[in-house]
Each structure stands twice: as structure tokens, then as C-alpha cells.
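Chemist: Single-letter residue listing:
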Amino acid sequence: QVQLQESGPGLVNPSETLSLTCVVSGYSISNVYHWGWIRQPPGKGLEWIGSIYNSANTYYNPSLKGRVTISVDASKTQFSLSLRSVTAADTAVYYCARLPSGGGFDIWGQGTLVTVSS
Amino acid sequence: DIVMTQTPLSSPVTLGQPASISCRSSQSLVHTNGNTYLSWLQQRPGQPPRLLIYQISNRFSGVPDRFSGSGAGTDFTLKISRVELEDVGIYYCMQASQFPYTFGQGTKLEIK
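Line by line, the protein sequences give chains G and X.
Numbering-wise, our numbering comes out as the position in the first sequence, counting from 1, plus 3.
Numbering-wise, our numbering comes out as the position in the second sequence, counting from 1, plus 229.
Keep in mind the hints are simulated off the structure, nothing from the lab.
From the three backbone atoms N, C-alpha and C, an ideal C-beta is built for every residue, glycine too.
Treat each hint with caution, since some may be false.
[Said to hold, decoys possible] Pairs of lysine to any residue, SDA-like flavour, derived with a Cα cap of 25 Å:
no.	chain 1	residue 1	chain 2	residue 2
1	G	47	X	253
2	G	68	X	255
3	G	47	G	93
4	G	47	X	238
5	G	68	X	234
6	G	47	X	255
7	X	341	G	48
[Unchecked claim] Computed beta-carbon distance windows for the label pairs:
no.	chain 1	residue 1	chain 2	residue 2	range
8	G	16	X	257	23 to 31 Å
9	X	238	G	103	24 to 32 Å
10	G	30	X	328	19 to 27 Å
11	X	294	G	20	41 to 49 Å
12	X	238	G	16	14 to 22 Å
[To be verified] Quick partial rundown of chain G residues pointing at chain X, CB under 8 Å, derived from the structure:
no.	residue
13	51
14	109
15	113
16	116
Kindly produce the complete structure, drawing on both the sequences and the hints.
Modeler: As C-alpha cells, then:
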């Protein structure tokens, strides 16, 4: 059974870099799926941050103005999110998820709350 | 970006009665490969989203058959034939036909 689990600091200082990891268990990250990050500010809706495919092809939301990097670990058991120059507006629950060719994110992590505050 | 607009934003429903949520996209969601990547997700309180429907009308594994999706082009609908207590939550449509992927604002389903 494939499971995803996010991990990383729950508190980040403004202007610093938010770094999260998604550990994929029960499956080796392959070329079959896209792997993505989605966030949800408290009490608000969902925003797609970006996705990675084939360990090297990345797609990012332009709304994040080039602050995002997504990468896959060499072991292919986890992928990461880096969001630079964060502000309070980046406070959200961050989810990692798998996207099969059918186009719907079918497996989600439980999410991790990241608060940007000094 | 493709804007996804859901109506209603809140839907009070009586148990056992049907419910319907509409999702309209600002552009056609037909991909160049001919597929339409419109999905529906359910988010129960305190939980991550859960995939219900993909490519307009395909129910994901384990999803009860009281959930159904329909539509084409820019207009899509999620229907619940008989609402149960466990259906309470927020429903989102999402398009993955064009980058950046975008979600609707969410529709809150509650019991009257």
C-alpha cells in the first residue's frame, strides 16, 4: 500500500526558506506518476504549488514567482519542496500527493502545518 | 490560468436526499490528447483531500456508487444520489488539463 508522509519544520522565519520532504513508502518513485505539492492556508482552499515527473521534469505555479524548487532524492523514496523568501502569506498546511495519468491526485499525505512567523 | 468556479458555495442537504455541485471552467478542459482532466475531491473536517472522481466521470477505487460525475468542455457536475452523514465536508473540483493546475473554491456540504 502506497503511503505519503510530509516532514519538516513547523515554524519558519520570514524571508527564510521553507523545506519539506515527502517520504513515499510502498513504492519507488518512478516515471509512471507525477508527484506534487499542494497547500491550503488555514480556513481556505487548495493551491497547487508544483509537480515533478521523471525525476527531472518540473512544473511550478507561476504565482509563486520563481521561489519554488521540487526535487526527487537519488534513492527515489522521497521528494522535496523548497520555497524561498517566505512571508506570512505562505503559512499553510502543505500536502504532498501522487498524480497518475488519469489526472486526479489519488494519494495524499496527511499534511503538515507550516507557520511563517518570527 | 484557468479559473474554476463552483456553485453553490454552501449546500445544506437533508439526509437521504440528492445533492449536486456545479463546476465551471474559464476555458475548455479538453487536453490536446483528447482527454479532459477534471477531477472531484472530498475533504472531510481535519482530513486531507480524497479523490472521488477523475476524468469527469470515473469513480476512484473504493468510492461509493452514489457519487457520480458528468459534464464536458467547461461545465461539470458532481452528484450524490442520497446524502449520508459521512458525506459532510468540502468538495473541490480540480483541472489538470493545463498548467498551472487549479482548484475550485470549494463547496461546503452540510446536513440540514
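Chemist: Now tell me if each hint is right for this structure.
Modeler: Hints and how they fare:
1. Between residue 47 of chain G and residue 253 of chain X the alpha-carbon distance is near 19 Å, which keeps this suggested pair within the 25 Å criterion.
2. Between residue 68 of chain G and residue 255 of chain X the CA atoms are separated by roughly 23 Å; this keeps the pair inside 25 Å, and the hint holds.
3. For a cut-off of 25 Å, the pair hint linking residue 47 of chain G to residue 93 of chain G stands: about 12 Å separates their Cα positions.
4. For the proposed pair residue 47 of chain G and residue 238 of chain X, the alpha carbon gap of about 13 Å is at most 25 Å, so the pair holds.
5. Under the criterion of a C-alpha separation no larger than 25 Å, the hint pairing residue 68 of chain G with residue 234 of chain X is consistent with the structure, at around 24 Å.
6. For the proposed pair residue 47 of chain G and residue 255 of chain X, the alpha carbon gap of about 21 Å is at most 25 Å, so the pair holds.
7. Taking the CA atoms of residue 341 of chain X and residue 48 of chain G, the gap is near 23 Å; set against the 25 Å cutoff, the hint holds.
8. Between residue 16 of chain G and residue 257 of chain X the Cβ separation comes to about 43 Å, which falls outside the hinted range of 23 to 31 Å.
9. At about 29 Å, the CB distance of residue 238 of chain X to residue 103 of chain G agrees with the hint of 24 to 32 Å.
10. A hinted range of 19 to 27 Å holds for the C-beta pair residue 30 of chain G and residue 328 of chain X, which are about 24 Å apart.
11. Distance hint for residue 294 of chain X and residue 20 of chain G: a CB-CB separation of about 46 Å, consistent with the stated range 41 to 49 Å.
12. Restraint check, residue 238 of chain X to residue 16 of chain G: a C-beta distance of roughly 35 Å breaks the suggested window 14 to 22 Å.
13. For residue 51 of chain G, the interface hint holds, the least distance from its beta-carbon to any beta-carbon of chain X being 4 Å, beneath 8 Å.
14. The criterion of a C-beta within 8 Å of any C-beta in chain X is met by residue 109 of chain G, whose closest approach is roughly 5 Å, and the hint holds.
15. Given the 8 Å rule on beta carbons, the hint for residue 113 of chain G holds: about 6 Å separates it from the nearest Cβ of chain X.
16. Residue-level restraint check for residue 116 of chain G is violated (minimum Cβ-Cβ distance to chain X is 12 Å; threshold 8 Å).
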